[in-house]
Amino acid sequence: MSAPAVEKGDGSAPAREPILSARNLVKHFPVRSSGLIRRQVGDIHAVCDVSFDLLEGETLGLVGESGCGKSTTARLVLNLIKRTSGEVFYGGRDVSALSPKQMRTLRRDLQIVFQDPYASLDPRMPVNEIVAEPLRIHDMFDKGGRELVRDLLRTVGLKPEHGNRFPHEFSGGQRQRIGVARALALRPKVLVLDEPVSALDVSIQAGVLNLLDELQTELGLSYLFVSHDLSVVRHTADRIAVMYLGRIVETGPAAALFERPGHPYTQALISAIPLPDPRKERARERITVVGDLPSPADPPSGCRFRTRCPKFAAELGEGERKRCVEDNPQLVDRGQGHPVACHYAEQKVLI
Amino acid sequence: MTAEDVLSDGRPEGTESGRRSRSSEAVLEVSDLTVGFPSDDGLVQAVRGVDYTLRGGEVLGIVGESGSGKSVTSLAVMGLLPRTAKVSGSVRFRGRELIGMSDAELNQVRGRDISMIFQDPMTSLNPVYSVGYQIAEAVRAHHDVSKAAALDRATDLLDLVRIPNAKQRLSAYPHELSGGMRQRVVIAIAMANDPDVIIADEPTTALDVTVQAQIMDSLEAAQVETGAAMVLITHDLGVIAGQADRVLVMYAGKPVEIGTAEDVFYTPRMPYTFGLLGSLPRLDRPSERLTPIPGSPPSVVNMPPGCPFTPRCPLAVPLCDEREPELEPTTDAEHLAACHRSDELIGKTPGDVFVTEVADAEALAHFVEESEELA
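Protein sequence lines correspond, in order, to chains G and Y. Going by the working numbering, the residue at position 186 of the first sequence is 186; the numbering climbs one at a time, nothing skipped. Going by the working numbering, the residue at position 185 of the second sequence is 536; the numbering climbs one at a time, nothing skipped.
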């Protein structure tokens, strides 16, 4: 393994090998002026120094609100967009340094399921062909691909007889299952799930989540699960990384993170999710953040959350605040049992 | 005339009507409301008979999945459906029938007695007018006050919905505000005339959770300030659990269960409600297997007789295909459910009613074998 180790800090994680590692990933998108000569006038700091390990057979949840850089991180990991700096290691190799040809071989192992099942399936291809396409690309279809596609469709809960139908003939949940079948066709080891259930109604969402859960157990898959929905992530993920404005602010095992969140942002996020339980919901302590997400083109100095931080606003003194303004808090264990990027991290029980 | 006077001119029951004190008096009565849209395939029965009574100061939550008719119901109440829509039934506001009113008459009710908050604040605000102008416009539509007084009122309203620097924000245009701010402006407009009923249709759906929490705060503030009763339409059961006094669950254009929030969340009596609750991943407990509802919602064109949930219902019996169950009182007269087997659901959990779906093991084994041969 050539990836330098990052501190796991949770202690409880089984001693499994990381299958995929990201180290100091950075992505800046250029901001260009309008007009004839589109000069670059700035950068959107979409992802800033993000490192994590995905262990074999586990689900790592990447959560945050829109604009926090979680989807960009997922795409960087798969080399679908060029990184500004940083490395991604898969099986000991730096993925982002590979030639397109070498990358293609690697794509068998690394697959993605997209959020929008209406946009990610070619409307003019029958379902059989959609699922068979990865096999054809990798010259594997002729050796019995037809059978494989049939079994794959049955596995994800679709009728093989419907293979000649087109995507528009299926409901959203069924389309997402087609997307899963396509991603599985090459027997990948890692699946990146980018908001796989966000476009679905709850009753349909549950079926897809159960399917993903079962496939993981049976096929030994590792999931990088990107979502804005904390309840879904709590349900599926073994470990969770919370992102805010391009940085990971807290990471740890799912149960610990939800029971004892240390970062004010994680706390605000957890307390903002309404619980579907009237008595509990009405008795909860609320931590509310003020204002809106600052522009990622001009992120705040020091701690990026300080402009909205309830702790910064209400609890800290002048001297303590200075540290938040000047000094970017590192993601290290500060006595919470898992790494937290806050100078004044303090556990709170919110559920 | 000052901003305060604007509120109290000629309202029948005065401004102290509410302050979230719930009266048993009905402000809005909807009975047997149906809405159909003619289409090439036949009549699309978007709403097939909705009855509810909204009492003064209460919050009624309406839940349901996309296509269940929850939004169309409220558009029908407001008289906002296109002319092609076939609306029948009755909607009474304090005893006055709204269905069949002319647009001119409805304009006296809309915004003044009943106001509405839509899902997408970018499309419900006018992009070419400042937010101050738009709030003042709402005030002046129903009150004969000077522009200055209306703008004063607008400032107060922006303060109430917790927009910082309200006075400066009056001259801002919608595109200069964030999504959350815009939605608060929409709330300010909705409460501008101290309405008796506010209908909020998915008010937080397009927003991030932390912003959603801020909006729910503003909405509560608006409700307390105006004392209005509220119809809160959402697909988020968490929001309903936190806000609603009573809950109405809709499926295929009809209410299938109605009761207090505690009734519906803790002792549901309709399989669909069980399914919804069992499908939800929970933040407050370690993950359990979810119990999805199999299949997908029915098409509301040319519906067959019988209960529309039958094809997805694990408890279905032949009777369910023959006759659609009425919404009837359960053990509690205030808790109604539309299910022939509602009595058998007492004390059950979602896991008892629905089977947790399992992937086809045989197909999976074949797939594993074949894919290994290929590789």
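Take these hints with a grain of salt, some might be off.
As the list claims (entries may be wrong) - In silico EDC-like cross-links for lysine to aspartate or glutamate, where the CA-CA straight-line distance does not exceed 16 angstroms:
| no. | chain 1 | residue 1 | chain 2 | residue 2 |
| --- | --- | --- | --- | --- |
| 1 | G | Lys-348 | Y | Asp-635 |
| 2 | G | Lys-348 | G | Glu-214 |
| 3 | G | Lys-143 | Y | Glu-724 |
| 4 | G | Lys-189 | G | Glu-169 |
| 5 | G | Lys-143 | Y | Asp-711 |
| 6 | G | Lys-189 | Y | Glu-553 |
| 7 | G | Lys-189 | G | Glu-17 |
| 8 | G | Lys-280 | Y | Asp-683 |
| 9 | G | Lys-159 | G | Glu-147 |
| 10 | G | Lys-159 | Y | Glu-723 |
| 11 | G | Lys-143 | Y | Glu-723 |
| 12 | G | Lys-189 | G | Glu-58 |
| 13 | G | Lys-82 | G | Asp-116 |
| 14 | G | Lys-280 | Y | Glu-721 |
| 15 | G | Lys-280 | Y | Glu-720 |
| 16 | G | Lys-348 | G | Glu-315 |
| 17 | G | Lys-159 | Y | Asp-471 |
| 18 | G | Lys-143 | Y | Asp-635 |
| 19 | G | Lys-101 | G | Asp-43 |
| 20 | G | Lys-322 | G | Asp-333 |
No wet-lab data here; the hints were simulated from the structure. Predicted model, so just to flag it, every value in this text is computed and none were measured.
Within 16 angstroms, alpha carbon to alpha carbon, are Lys-143/G and Asp-635/Y? 48 angstroms, violated
Against the 16 angstroms threshold, does the CA-CA distance of Lys-82/G and Asp-116/G hold or violate the hint? 22 angstroms, violated
Please work out if Lys-280/G and Glu-720/Y have their alpha carbons no farther apart than 16 angstroms. 48 angstroms, violated
Holds or violated: Lys-143/G and Glu-723/Y, Cα atoms, limit 16 angstroms. Holds: Lys-143/G and Glu-723/Y sit about 11 angstroms apart, inside 16 angstroms.
16 angstroms limit on alpha-carbon distance, applied to hinted pair Lys-143/G and Asp-711/Y: The given pair, whose Cα atoms are some 23 angstroms apart, is violated under the 16 angstroms limit.
For Lys-159/G and Glu-147/G, compute the direct alpha-carbon distance and say whether it is at most 16 angstroms. The hint holds at about 13 angstroms.
What's the verdict on Lys-189/G and Glu-553/Y, does the C-alpha distance respect the 16 angstroms limit or exceed it? 39 angstroms, violated
Going straight from one Cα to the other, do Lys-159/G and Asp-471/Y come out at no more than 16 angstroms? 38 angstroms, violated
Given pair status - Glu-724/Y, Lys-143/G, alpha carbons within 16 angstroms: 9 angstroms, holds
Is the straight-line distance between the alpha-carbon of Lys-101/G and that of Asp-43/G 16 angstroms or less? 30 angstroms, violated
Verify the proposed pairing of Lys-189/G with Glu-169/G, using a straight-line Cα cut of 16 angstroms. 30 angstroms, violated
Does the structure keep Lys-189/G and Glu-17/G at a Cα separation of 16 angstroms or less? 13 angstroms, holds
Violation of the numbered hints given earlier is confined to hints 2, 4, 5, 6, 8, 10, 13, 14, 15, 17, 18, 19, 20; the remaining hints are satisfied by the structure.
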